[in-house]
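Engineer: The sequence shown begins at 1 in my numbering and counts up one residue at a time.
Please note: incorrect hints may appear among the correct ones.
[Unchecked claim] Below, a list of computed lysine to aspartate or glutamate pairs in the DMTMM-like style, where the Cα atoms sit at most 25 Å apart:
1) Lys353 x Glu363
2) Lys231 x Glu363
3) Lys140 x Glu20
4) Lys250 x Glu306
5) Lys90 x Glu24
6) Lys196 x Glu299
7) Lys231 x Glu299
8) Lys202 x Glu27
Treat the hints as calculated values from the structure; they're not laboratory data.
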Amino acid sequence: MEYNHEQYILNKICEFRNRETETEFMEYEKTVSFNIVRFLMLFMGLIFFLFAIPDFFNYGKGQLFYITAGLRVIILLVTIIAFFVLGSIKHYRHTLIMVTLVELIAFCVYLLILYIFKTSQPAPMMLFIFAAFLIPNVWKNCIAAGCIMLIGYIFLNVVFGLPKEVPPLNQRGIYLGICLLSFSIFTYSRENSRRKQFAAEKLLEFMSMTDRLTGIYNRSRFDYLLGQWIKNMRHDPFCMILFDIDNFKKVNDTCGHTAGDEVLAGTASVVAANIRDDDIFARWGGEEFVVLFGETGIERAAELAERLRKAVENNNCGEAGKITISIGVVQYRRGETVTGFIIRADEKMYEAKQAGKNRIMVEG
C-alpha cells in the first residue's frame, strides 16, 4: 500500500493524467453532485415549458403559439425521461453524455422557436449558455456545449436572415462570446479546485490509515478492516498471523534507534513483497505486525507464515544485520469477537517466543 503523488497530477484540460484516478474522481462526483442533475434538468425543463404563458399573452392563440407550445412540451417530456433514465445509468461517462445531449436538444428546440417567432434576443441565449455550465458536467463538455450554442445562434441569424435588432448581431455575438469565455474560466477554476481538494482528501485519508514509518496500515485501520471481515464474513475461512521482531530492544540498545527504524521499515517491506494483494498487512504496535489472509485455511496460513519467516531471516537490515521473527498463526472461529481472535494470535506468538524464537506456532 502506497500513496503515489503522480497519479493526482492534472493535465491541461483539468483532468487527472492517471485514468484510474480520473474515473475514481468522476464516480465520486456522480454520487455527490450528479444526483442533483436530474432534479435541476427537470426544473429547467419545467421553466422552459412555463414560458408558454408569456408566449400566449404576447402572440395570442394561433398556429405559431400552438407550434411553440408543442415544442415546449417536447422539451418537458425530454427532461422527464432524462430524470428517470439518469437515475438508472451506472457509468459516469454515460451520465455526462446524456446530460450534454439533453442540453443540446433543448437548445435546438429553442432555436426553432426563435426562428418561428422571427426574433433573436441575446438575453435568453446567455441563460442557455449559463445553464450549460451550471449543470454539473466535465469542463470540456461544458465548453463544447457552450460553443455549439453560440455558433448555432449566429448561424440562425446569418443563414435564416432574422430581422436585425438592436444591438446588431456582431455586438450580440461579442457579448455572448465574453459570457462564454467568463463561464469557461470560472468552470475551469472550479474543476481545478475540486480535483485538488479530492487529491488532498485522498492524501489525508492515506495518512490517517497508514503507519508513517513503514507505509503499511496502522492499527486503527486494521481494527476497522478486521471488523468488516468479521461482520460480512466474505473471506471465510480466514486466518491471522501476529509476529514480533526478535531481540528488537537489543538492536535499539546496541545500534541506536535509527537502525531500529531501518529494521522495522525493512521487515515491513520484505513481508509486503511476499503476501498477496488482497491480504491485510498492518503494524500492530512497536515491533509487532499482523497479517490477515482471506479465504485461507489454517494449513495454508501456516505455509504462508513460514515463507514470511524465511524471507525475513534471509534479509539483511543494514547495521543491524540479519533479524528473525516469531509468529503465531490462528484461524477465525465464527461468532468470535475481535478481541478473542487477537488474544489467541498473541498467545501463539508468545509460545513461539518461549520455544526459542525464529519460528511459527500454529493453533492445533
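Engineer: Would you check the hint for Lys140 and Glu20, treating anything up to 25 Å between C-alpha atoms as holding?
Structural biologist: This hinted pair holds, its Cα atoms lying about 18 Å apart.
Engineer: Does the structure keep Lys90 and Glu24 at a Cα separation of 25 Å or less?
Structural biologist: Holds, at roughly 13 Å.
Engineer: What's the verdict on Lys196 and Glu299, does the C-alpha distance respect the 25 Å limit or exceed it?
Structural biologist: Between Lys196 and Glu299 the Cα gap is close to 47 Å, so the pair fails against 25 Å, i.e. violated.
Engineer: Given the hint that Lys231 pairs with Glu299, test it: the Cα-Cα distance must not exceed 25 Å.
Structural biologist: Within the cut-off at roughly 24 Å; holds.
Engineer: Please work out if Lys231 and Glu363 have their alpha carbons no farther apart than 25 Å.
Structural biologist: The hint holds at about 23 Å.
Engineer: For Lys202 and Glu27, compute the direct alpha-carbon distance and say whether it is at most 25 Å.
Structural biologist: 14 Å, holds
Engineer: Within 25 Å, alpha carbon to alpha carbon, are Lys250 and Glu306?
Structural biologist: 24 Å, holds
Engineer: Taking 25 Å as the top limit, are the C-alpha atoms of Lys353 and Glu363 close enough?
Structural biologist: 15 Å, holds
Violated hints amount to a single one, hint 6; each of the other numbered hints is respected by the structure.
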